[in-house]
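J.: Based on the sequences and whatever the hints tell you, model everything.
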Amino acid sequence: MEAAIFLQQVANGLVIGSIYAMVALGLTLIFGILHIGNFAHGQLYMLGAFATYWLVTLLGWNIWSSMFAAMGLMALLGMLLERVVFRPVHSAPHINGLIVALGLFIALENIAFILWGGDERTLPSPYATSMIRLLSISLTVQRLLVFAVSILLIFLLYLLIQKTKMGKAIRAVAQDPEVAQLMGIPIHRISSTVFAVSSALAAAAGAMVGPIFCVFPSMGLVPILKAFVVIVLGGMGSIPGAIFGGFILGVAESLGAGYLSSEYKDAFAFAALIMVLMVKPSGLFGKE
Amino acid sequence: MKGESLKTSRVFWAILILLVLLPFLLPKAYLHLAVIIGIHAILALSLGLVVGFVGQLSLCHAGFYGIGAYTSALLTFAHWPFWLALPAAGVISGIFGLLIGLPSLKTRGTYFAITTLSFGVIMSIALNNWISLTNGPDGLSGLALPGPIPLWGRTSISFNSPRNYYFLVGLFLFFTIFVFRRLLNSRVGRAFSGVRDNEVLAECLGIRALRYKLTAFIIGAIFAGLAGSLYAHYLRYICPRDFSFAESFDLLVMVVVGGAQTILGPIVGALFILALPKFFGFEPVYGRVAFGIILIIVMIYMPRGIVGTLQRGFRSSRGGTVGHP
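Chains as they are written, first to last, in our numbering: chain A, 51 to 338; chain B, 885 to 1209.
No lab work stands behind these hints, which were simulated from the structure alone.
Using N, Cα and C, we set each Cβ at its ideal position, and we do this for glycine too.
Treat the hints with care, as some may be off.
As the list claims (entries may be wrong) - Ranges between beta-carbon positions, derived for each pair:
hint, chain 1, residue 1, chain 2, residue 2, range
1, B, Leu1094, A, Ala321, 16 to 26 Å
2, B, Arg1125, A, Thr179, 27 to 37 Å
3, B, Leu968, A, His238, 58 to 68 Å
4, A, His238, B, Ile899, 44 to 54 Å
What the hints assert, rightly or not - If you want the ones that stay clear, here's a sample from chain A, every Cβ over 12 Å from chain B, calculated:
hint, residue
5, Leu57
6, Val60
7, Asp169
8, Phe197
9, Tyr208
10, Leu209
11, Gly234
12, His238
13, Cys264
14, Leu305
15, Tyr309
T.: Take a look at the structure:
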C-alpha cells in the first residue's frame, strides 16, 4: 500500500516535472544566448495555452493541430519580441534586460486579462477523461501524453542542438558571442531562432497543461518561477541541468505535497533554491 | 544631489509651501490620493536605496511593506499605541531585512532577483495561509487610528481625517529624505557607490562589500516597514494582496521610471505611476499594461529614469542603467 502511494506520487511528479523541464529548457536556452533571465517566457506558455484553447473551441480544430499551430504562432511571437524588446538591450548591462523582461511579463499578463478575463477555462481534450492503470499507478491519458510528448520534444531539441549545424552555431554563440561573430555566425539570427524554439516549447507545455490545470491569464507565474529555480539549481545555460532539474523538482514537489503539506507545496521549490544559493551562490553547477 | 544645496534653493521653498497648502486647496478625494502617493514615495525611496545604490534588483520589497503593516496591525490589536507600533514595525521589518538579505546578498544579478522573488513569494504564501496570525486572504479590518497628539490647552491633533494624516505622512517623507541624503553624502554612502560601481576594487580598498550591501538592504526594509504601518492605520484594512508581487513590481516601476540613483527620482516615479491612472480614470489592469510597456521603453531609451536623465542631459540618455551611472 505504501509503495503504491509512493509510486503514484512519483508518477505525478514526473508529469509535472516534464512541464517544468520544457519551460526551463526554453529559459536556459535564452539565457545561454543572451545572458538575460527572460521572465516573460512564462507568458509564452500562457499565450500558447490560450491560442490552443481558441483554436479548439472557436475553430473546432482537433487538439493536436491546435497545439502545433499554437507552437508556430508563439514561435513567431517570440521572434518578434526578441527583435523589438530584447535586442535593443542586448549590449546593455544585464539588469536592464531583466527589467525589460519583467515589464513584458506584466504587460502580457494584463493584456490577456483585458482580452479574456480572469476566468479559468478548461481546454477540452479527448484524452482528459480516460485513465490508464499500470503497476498500481493510475494516470489520465492526458497526463501520460504530457510526459510522452515532453520527452519527445526534449529529444528533438537535443538532436537540434547536438547534431545540426544550427545547433552548433547556437552552442558557439552560447560559449563566446564575440568569437562566434568573428567566425561569421549571424548572432542575431541565432537569437531569433533560439527565441522561436524556446517559445514553441513553452507553447507546447501550456497547450498540454490546459486540459489538466485550466487556462487563465496568470497561469504563467508559477511555472516561470519554478523554471527559474530549476535553472539556477541546474546551472543557468545548462541544457541537461534544465531537463534533469525540471524532473527532479517535479518529483520532489509531488512527494512533498503528498507527505508533508499540500498548501505550502509551492514554497518547497523556493525554499530549496534559497538553501542551495546560501551554500553555493552561483547555483549548483554555476561557474561564477 | 551630489553637493547641490537643494535645501536653500527658491524652487525648494516654493514646492514646500505648495505642499503645505495643498490639503487646504484640494478636494477630499485628491487628498486621499496624496496620502497614498506620500506613503508610496517613502516606499519607492526605500527600494531606490537598494536598486540604485546597491545596484541589485530586489523583487521582495513589498514583503517588507507587508511585514510592517501586519506587525503594526497586530501590535495595535494587542493594545499597543500606534506611536509605539510604528517604530516596532520598522524594527521587525529591519530584522526580516537582515534574515532575507544575508543569504540573498551573497548572490548577484539574476540570481539575486530570483532569490528575492522567491522570498517574496514565500512571504505572500505565508500571509495568505497562516490564518491564525493574519486571517488569511480576508485580511485584517478595523485597525486603530493613530492616537491623537495632545497640544496645549485642551486641543489635540486627531487623525480621523485625511488632512492631518497627510501632514503625518509628509513629515515622515521629509524624515526619510533627510536620513537618506545624510546617509548618501556620508562615508557610508560613498561606500555604497563604491561597492555598486566596482565591487572588486572596493573590496581591495578595504570595504567589506557584503556588510554595506546588507546595511542598505536593511535600511530599505526598515523604511518599507514604517510605510507599511502608516498605510495600515490610514486605510484601517489590510489584506495579503496589497503586498504581493504586483506591488513589488509597481514599486520597481516607480523607481526605474523616476530614476533609481537619485532621491527625487523615486518620489517623481511614485507621483507619476499613482497619479496618472487616476487622472485618466484607468482601471488598474490597463495601468499595469501601461506600466509594463513604459518600463520597457524607459529601459531601452532612458535607463536612468526621468530624473536621472534630466540630471545627466539627454545626449547620453541611452547609456547607463538603474544600477550604474
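J.: Run the C-beta distances from Cys264 of chain A to all of chain B and say if the shortest one exceeds 12 Å.
T.: holds (19 Å)
J.: Taking the beta carbons of Leu968 of chain B and His238 of chain A, is their distance inside 58 to 68 Å?
T.: Between Leu968 of chain B and His238 of chain A, where Cβ atoms are some 60 Å apart, the hint holds.
J.: If I take the minimum Cβ distance from Val60 of chain A to any residue of chain B, is it greater than 12 Å?
T.: Holds, because the least Cβ-Cβ distance between Val60 of chain A and chain B comes to about 24 Å, which exceeds 12 Å.
J.: The hint says 44 to 54 Å between His238 of chain A and Ile899 of chain B; measuring C-beta to C-beta, is that right?
T.: holds (47 Å)
J.: According to the definition I'm using, a residue is off the interface if its beta carbon is farther than 12 Å from all beta carbons of the partner; does Gly234 of chain A meet that for chain B?
T.: Given that every Cβ of chain B is farther than 12 Å from that of Gly234 of chain A, nearest at about 28 Å, it holds.
J.: Going by Cβ atoms, does Leu209 of chain A stay more than 12 Å from chain B at every point?
T.: Leu209 of chain A is indeed farther than 12 Å from all Cβ atoms of chain B, at 28 Å.
J.: With 12 Å as the threshold, tell me whether Leu57 of chain A passes as away from chain B on beta-carbon distances.
T.: The claim holds: Leu57 of chain A sits with its nearest Cβ about 28 Å from chain B, beyond 12 Å.
J.: In this structure, is the beta-carbon distance linking Leu1094 of chain B and Ala321 of chain A contained in 16 to 26 Å?
T.: For Leu1094 of chain B and Ala321 of chain A the Cβ distance comes to about 22 Å; the hint holds.
J.: Mind checking the hinted window 27 to 37 Å against the Cβ distance between Arg1125 of chain B and Thr179 of chain A?
T.: holds (35 Å)
J.: Once the closest CB in chain B is found, is it more than 12 Å from Tyr208 of chain A?
T.: The claim holds: Tyr208 of chain A sits with its nearest Cβ about 25 Å from chain B, beyond 12 Å.
J.: With 12 Å as the threshold, tell me whether Asp169 of chain A passes as away from chain B on beta-carbon distances.
T.: holds (14 Å)
J.: Examine each Cβ of chain B, and state whether all of them lie more than 12 Å from the Cβ of His238 of chain A.
T.: holds (16 Å)
Checked against the numbered hints above, the structure breaks none of them.
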